[in-house]
Amino acid sequence: MANIAAVTDAEFEAQVLKSDKPVLVDFWAEWCGPCRQVAPILDELNAEHGEKLTFLKMNVDENPVTPSSYRVTGIPTINVYHGGEVVKSIVGAKPKAALLKELEGII
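Counted the way this note's numbering counts, the sequence shown spans residues 13 to 119.
Treat the hints with care, since some could be wrong.
What the hints assert, rightly or not - Within a straight-line C-alpha distance of at most 20 Å, the following computed EDC-like cross-link-like pairs (lysine to aspartate or glutamate) qualify: (1) K108 to E56; (2) K64 to E42; (3) K33 to E60; (4) K69 to E42; (5) K64 to D32; (6) K69 to D32; (7) K64 to E116; (8) K106 to E60; (9) K108 to E60; (10) K100 to E63; (11) K113 to E56.
If you're looking for bench data, these hints aren't it; they were derived computationally from the structure.
Starting from the given sequences, assemble the full structure and let the hints guide the process.
Here it is in structure tokens:
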């Protein structure tokens with residue numbers, strides 16, 4: 013996930029909720045195998061669609077406040093925020109085609 017910037021609990025409101033464009037947040041952890049599977053796919057999507065959608069990642073072990081406030085109970089969870097609200101929530105690792113289908117209308 014080297015291409016995707018990290019966001020912390022402290023930065024979440026400014027970087028995500030107050031963003032002018034939609035923001036995709038990947039909730040993940042180091043120990044999560046499916047998170048590692050989805051990371052390169054998100055890197056590709058970021059390279060292809062980064063102008064329409066801001067991509068961020070949040071380590072749930074280092075930042076417990078935000079995931080619990082959005083009821084993130086399983087990882088990976090990918091939430092898309094727009095206008096301060098969750099407009100899409102995708103739970104679990106999915107192939108690129110499935111993620112693109114889920115994100116139709118957003119990217």
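Checklist entry - For this structure, which hints from the list above don't hold up? => result Failing hint: just 2.
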